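Each chain, written out:
There are 2 protein chains.
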Amino acid sequence: MDPKLGRMASSLLALLLLLEGGMFSSSPPPPHSGLLERLFQHIDLHQDEFVQTLKEWVAIESDSIQPVPHFRQELFRMMTMAADKLRGLGARVDSVDLGSQQLPDGQSLPIPPILLAELGNDPRKPTVCFYGHLDVQPAQQEDGWRTDPYTLTEVDGKLYGRGATDNKGPVLAWIHAVRAFGDLEQDLPVNIKFILEGMEEAGSVALEELVEREKDRFFSSVDYIVISDNLWISQKKPALTYGTRGNSYFMVEVKCRDQDFHSGTFGGILNEPMADLVALLGSLVDSSGHILVPGIYDQVSPLTEEEKRLYEAIDLDLEEYRNNSQVEKFLFDTKEEILMHLWRYPSLSIHGIEGAFDEAGAKTVIPGRVTGKFSIRLVPHMNVSVVEKQVTQHLEAIFSKRNSSNQMAVSMPIGLHPWIANINDTQYLAAKRAIRTVFGIEPDMIQDGSTIPIAKIFQDIIQKSVMMLPLGAVDDGEHSQNEKINRWNYIEGIKLFAAFFLEIAKLH
Amino acid sequence: MDPKLGRMASSLLALLLLLEGGMFSSSPPPPHSGLLERLFQHIDLHQDEFVQTLKEWVAIESDSIQPVPHFRQELFRMMTMAADKLRGLGARVDSVDLGSQQLPDGQSLPIPPILLAELGNDPRKPTVCFYGHLDVQPAQQEDGWRTDPYTLTEVDGKLYGRGATDNKGPVLAWIHAVRAFGDLEQDLPVNIKFILEGMEEAGSVALEELVEREKDRFFSSVDYIVISDNLWISQKKPALTYGTRGNSYFMVEVKCRDQDFHSGTFGGILNEPMADLVALLGSLVDSSGHILVPGIYDQVSPLTEEEKRLYEAIDLDLEEYRNNSQVEKFLFDTKEEILMHLWRYPSLSIHGIEGAFDEAGAKTVIPGRVTGKFSIRLVPHMNVSVVEKQVTQHLEAIFSKRNSSNQMAVSMPIGLHPWIANINDTQYLAAKRAIRTVFGIEPDMIQDGSTIPIAKIFQDIIQKSVMMLPLGAVDDGEHSQNEKINRWNYIEGIKLFAAFFLEIAKLH
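Chains as they are written, first to last, in our numbering: chain U, 75 to 582; chain S, 75 to 582.
Treat each hint with caution, since some may be false.
Okay, derived cross-link-like pairs now, DSS-like style, lysine-lysine, Cα gap no bigger than 30 Å in a straight line [to be verified]:
#, chain 1, residue 1, chain 2, residue 2
1, U, LYS437, U, LYS311
2, S, LYS129, S, LYS310
3, U, LYS475, S, LYS475
4, S, LYS437, U, LYS409
5, S, LYS403, U, LYS437
6, U, LYS409, S, LYS329
7, U, LYS538, U, LYS289
8, U, LYS329, S, LYS403
Everything labelled a hint here was simulated from the structure, so no lab data went into it. As the structure is a computational prediction, the values presented were derived from the model and not from experiment.
Could you build the full structure based on these sequences and the hints that come with them?
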């Protein structure tokens, strides 16, 4: 569809919904119909201006991965530009200095500030805090970009540029939504807070400490936290994300001695560490993907009828998914089974072995000390400590049966809890209504098989409802070459946030 | 023991043996007693000169591993110096030009010539061909050498220097032994041939082709081939080597797709290649070292009583061996079991995995394509082709049971046959007698668990008896820092070769 036609159709659709009281759904007509109509018109009228702002932000090479002064300077410039933009909204902005980080090579680099901003503190209104990040993954045109990654370029309604969808576009969408109320001289129906960081791609350095520190200050009045840092699982159908898996990462070392052996000189008389390790790793999961660690499924929450229906409603073209994945055959044949095994059941992956021969060619080495690495994606209500104990005991039992003279050591350097939200929380209901208003359909209720620690951190520390409300389409290619956000997703996303403010104010 | 005293004692011992007709053994008195005595005296008298020649040879940085012009020039200089030395003996020397080799990086480097030399062609005498190599492993003082690796340095009777024991010392010992006859104006009891190469450490580039080409010319008159390119298994007791294990090196690839996956995004719905591979590798060998591939032991030659006695006679201090190996516990407790499992039984070692995560740290990757590498050390009368078929069928059966949607491919890029000699061959008997004469004891009859393709190549192509007659002690550290040959081993080695010439002439 021609993008311009698409935009017209979408605006028309919203108008129809407003005028006719929800032709596509059985819900009551949206509130503030007159205001919404004016907001949407205003947003459509100013869309080129919104694209221009995104272009300015994308132009800043705010790469947090490559630890070189140039990119750090760009990150600081990015945070300053964002702070100015927030002040332009009328927000009070606190740019929190986080000192510097020591890199493994001894180098010290300054950490870009985290912005804490607030706009409005009317105790009768709910307070919604938006989390976003302004740093990006590295990008160079020679990596395979068809356009300069730091020059936002529109082709067929797609806005190509590093950070366009991850996460500059969504942050700006929120800002533009807030701005639209001001431009129309309308009172914002919610109090708004922002927490914007510049180190997300590098592991959110210093974020958790700041959230902990500000728990009873900046965050004390927050009712809802919204994150818009993931994607739909469709190209056209919006989604709401209510859970992410956790992760327990294990290392199991088997050691005979520190040095390697020559297989001619020692092959035949040793308990070879690789034989032990391969047996240990081979005891973890069967060929159907079932994890063999005793008790590991005990705490997995049972599947409810309500949950089943959520999965059935999801829009996923299996054939297309398989083609895009370049996988000939999955372990499961139905959409429901596949999604459940990605989102609501644990999985175990063996990542590799450190210390063995890993290069091309043939080397006749008996590795003296090897470390196997695997991890288990955790789901509610698995507990990191329980899983650690179960896995350790299982490996010890397997190793003990081998009667090997080697030494085995198990460790779990990473243990991240799963996150799950109550989809009947007020803000989920408000977001669903807003989606119905803007897009005319029910969203896919999705989870993410990956681990996004930030949601769990907010939930645990602030103890308020956290929602992930993505704007981008499944093919946006975050972290990849030719990252993009569709103009349609960006502009409709601004409308979605504006509609959400009105809905959450009404439902709160 | 003071090395000078040691040398005197050794000469005295030889003298006693000559005079008293073998006090230490029941064998008949050595032949040519008067000549032997004079040879041994001559060798003892000229030992400093022999050490000086070794010093000159060690000073040449004839490193064949590092593909840089400097080392190639040194190799050519080394081969020229050796050719001159052989001509000095009166030998006819053919320096065979082998052209150049193309390296993987596109660079072309000249291959040092192989020297084919002959001295004497009396049809009444046996013709003994000596194989040796004059290239060395890389060495730099900063790698941990206590002395400059290319300056032969004597400390406590040990001659430290790269190539001292591997293989310049033994090559010179043979040359000095031949020379001793000339110096004493004695007719050599054997016709001598030499084949000396300069690329052994780099895989004997072009050697096999040359041997094949010269099979019916240079090698047609050869009766015996002697290699002196390995070590005793004791510090003091000489050895004769009659076998080396072969090697079948396998690669088993399991592929889902070329790219890796993220374990958050795909964990739970894939037949993960690592799970398949770990199961395949885990099916190969049990924790007692027993190979689980069906039929693999069918062709292993049964243990004879004669063989058992050879093992019982071997001088091996198990406690010392274990300490030197830094291994707490071997799979077996007796000297005989340990040596048999290193030499006369096959072993299977898993070397590593290519394509999986192998670095330090934690990465949540699902490798898309992985290749496991393992090899089986082969013993008589296992056959490379049969083993290839057995292993492939076994892996296919295991993989098929998993019902995985991945693709598996098995290949055997290296297949080297084991080598075994008849220890009752004439030259083994001659060497035993020579050892008795020089050292006053019976040698350890040993094999080598490693694969030394050259012995098998000579045996297969020339179809004559091949013997490995080492001079160096177990602690010489070939390929290591601080490589050395003991002055005692070097000088007694010259005597051993001289005595061997007389014995083989007598027994032939």
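Is the Cα-Cα distance between LYS329 of chain U and LYS403 of chain S 30 Å or less?
-> Within the cut-off at roughly 12 Å; holds.
Taking 30 Å as the top limit, are the C-alpha atoms of LYS437 of chain U and LYS311 of chain U close enough?
-> With a Cα-Cα distance of about 52 Å, the restraint between LYS437 of chain U and LYS311 of chain U is violated, given a limit of 30 Å.
Proposed proximity, LYS289 of chain U with LYS538 of chain U (alpha carbon, max 30 Å) = Roughly 11 Å separates the two Cα atoms, so the pair holds.
CA of LYS409 of chain U to CA of LYS329 of chain S, is that 30 Å or under?
-> 24 Å, holds
Given the hint that LYS437 of chain S pairs with LYS409 of chain U, test it: the Cα-Cα distance must not exceed 30 Å.
-> Roughly 28 Å separates the two Cα atoms, so the pair holds.
Keeping to a limit of 30 Å between CA atoms, is the pair of LYS129 of chain S and LYS310 of chain S held or broken?
-> This hinted pair holds, its Cα atoms lying about 23 Å apart.
Going straight from one Cα to the other, do LYS403 of chain S and LYS437 of chain U come out at no more than 30 Å?
-> 25 Å, holds
For the pair we were handed, LYS475 of chain U and LYS475 of chain S, check the Cα-Cα distance against 30 Å.
-> 24 Å, holds
Violation of the numbered hints given earlier is confined to hint 1; every other hint is satisfied by the structure.
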